[in-house]
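*Asks:* Sequence:
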Amino acid sequence: MDENCNYQFRPAWWLKNKHLQTLYPVFFSNKNKINLISETLILPDGDTLLLDWSENKNQTDKPLLVLLHGLEGSSSSPYIQRLMKQALNLDFRSVCMHFRGCGGVINQQVKSYHAGETEDFKFFLKYLAQKSNFNFVYAVGFSLGGNVLLKYLGENPSSTFIKSAVAVSVPFELADSAESMNKGVSKLYQWWLLRCLKESLIEKGNLEKIGISKAELLGMKNFWEFDDKVTAKINGFINVHDYYKKSSSRQFLNNITTPTLIIHSCDDPFMSPSCIPKPEEISRQVQLELNSNGGHIGFISGKIPFFPEYWLENRIMKYFLK
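Once you know that position 152 of the sequence shown is 152 in full-length UniProt numbering, the rest is easy, because the numbers rise by one and skip nothing.
Hints are supplied without guarantee of correctness; some may be wrong.
Here are the simulated lysine to aspartate or glutamate pairs, DMTMM-like style, with alpha carbons at most 25 Å apart [unchecked claim]: (1) K163 - D91; (2) K204 - D45; (3) K111 - E208; (4) K33 - E313.
Calculated from the structure, these hints are not laboratory results. All of these numbers come straight from a predicted model, not from anything done at the bench.
Can you build the whole structure from these sequences, using the hints too?
*Replies:* Here it is as C-alpha cells:
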C-alpha cells in the first residue's frame with residue numbers, strides 16, 4: 001500500500017477551507033452538460049436502473065468507464081459531468097449507473113439503494129459483460145458510490161471484469177460519517193441530503209408500507225434516525241447499527257485484488273480522520289492517497305480566483321492511463 005499524506009494535490013489559495021473546497025464545485029461548475037443516451041436496465045425483482053451513456057453503448061472499440069454517484073446524486077452531478085467530459089476528451093466512453101430510485105426514476109419495490117447495496121451493481125456488471133460485449137471496464141465511485149465500489153471489490157476478489165478502479169471521498173465507516181455530519185457546520189450537509197431523501201420517499205408514495213407517517217418522516221433530524229427507521233428497516237437490517245456495521249467498506253479493503261486507487265482528504269467534512277484505514281487494513285493492490293486538503297469531492301487548485309483547475313478528474317484519468 002502506498003500511503004502518503006498530502007500526496008500531490010495543492011489547493012487553490014483562495015479555496016483552502018474544506019467547506020469552500022466542497023461547495024465551490026457544486027455551485028460554480030460549468031452548467032453546459034454533455035448529451036447523454038439513456039437506457040433502462042430491468043432488475044430481477046422488476047425494479048429498474050437508469051443508465052446514462054456518453055456515447056452509444058454498442059461502440060465497443062473504446063475503453064469504458066463506469067461511474068457510481070454519491071448519495072442522491074445522478075449523471076447531472078457536477079463531479080460526474082466533469083469526469084465524463086474528461087473521459088470523452090481522452091477517447092473513453094463512460095456510463096453512469098444510477099442507483100435504484102435515482103436519476104428521476106421512482107423505483108417500485110419498497111427496498112432502496114444504500115451504502116452497502118452491491119447486488120444491483122453486480123447485476124449491472126454482468127449485463128455489461130454478457131449483453132454488451134465488453135471484455136473489461138474501469139470503475140469510479142464517489143462518496144457513497146465509492147463505498148459500494150470498494151465493498152463490491154472486496155466481496156468479489158476473483159472477479160477480473162473491473163480492470164482497475166478509483167474511489168473518491170469514501171465514508172469508510174458509516175457510523176463515523178453519521179456522527180461527523182451531526183456536528184457543527186456539517187449539519188448543513190446533513191440537512192440538505194436528508195431533505196432530498198425525504199422528498200424522494202414522499203414522491204415514491206409508499207410510507208404506509210414502511211410503517212411511518214409523513215409527519216414522522218419529516219421530523220427526522222439526523223442520519224442515525226433516518227437510517228434506523230427507514231434505510232435499515234426496508235433493506236433487511238436489524239437496526240441502524242447492523243446496517244452501518246455490515247455496509248461499511250473498511251472491513252473489505254484487505255480482500256481487494258483489483259488495482260485500486262483511493263483519493264481522500266484528511267479535512268473531509270463528511271467524516272473524521274479516524275475513519276481512514278490503517279496500512280495493515282489495506283491490500284497491496286490498493287493505493288491510498290491522503291491529502292491534507294480537498295474537502296468532500298472537491299480537490300480544486302488554481303492560482304487565479306474564480307478560474308479553478310479541477311485536479312481530481314486529471315488524477316483519476318492519469319491513473320487509468322498509466
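*Asks:* State for each hint whether it applies.
*Replies:* Here's how the hints hold up against the structure:
Only pairs whose Cα atoms come within 25 Å are accepted, and K163 paired with D91 is accepted, the gap being roughly 17 Å. With a C-alpha separation of about 17 Å, the suggested pairing of K204 with D45 holds against the 25 Å cut-off. Pair hint K111 plus E208 holds up; C-alpha atoms about 13 Å apart against a cutoff of 25 Å. Proposed proximity of K33 and E313 is supported: the alpha carbons are some 16 Å apart, at most 25 Å.
Hint violations for this structure: none, all hints satisfied.
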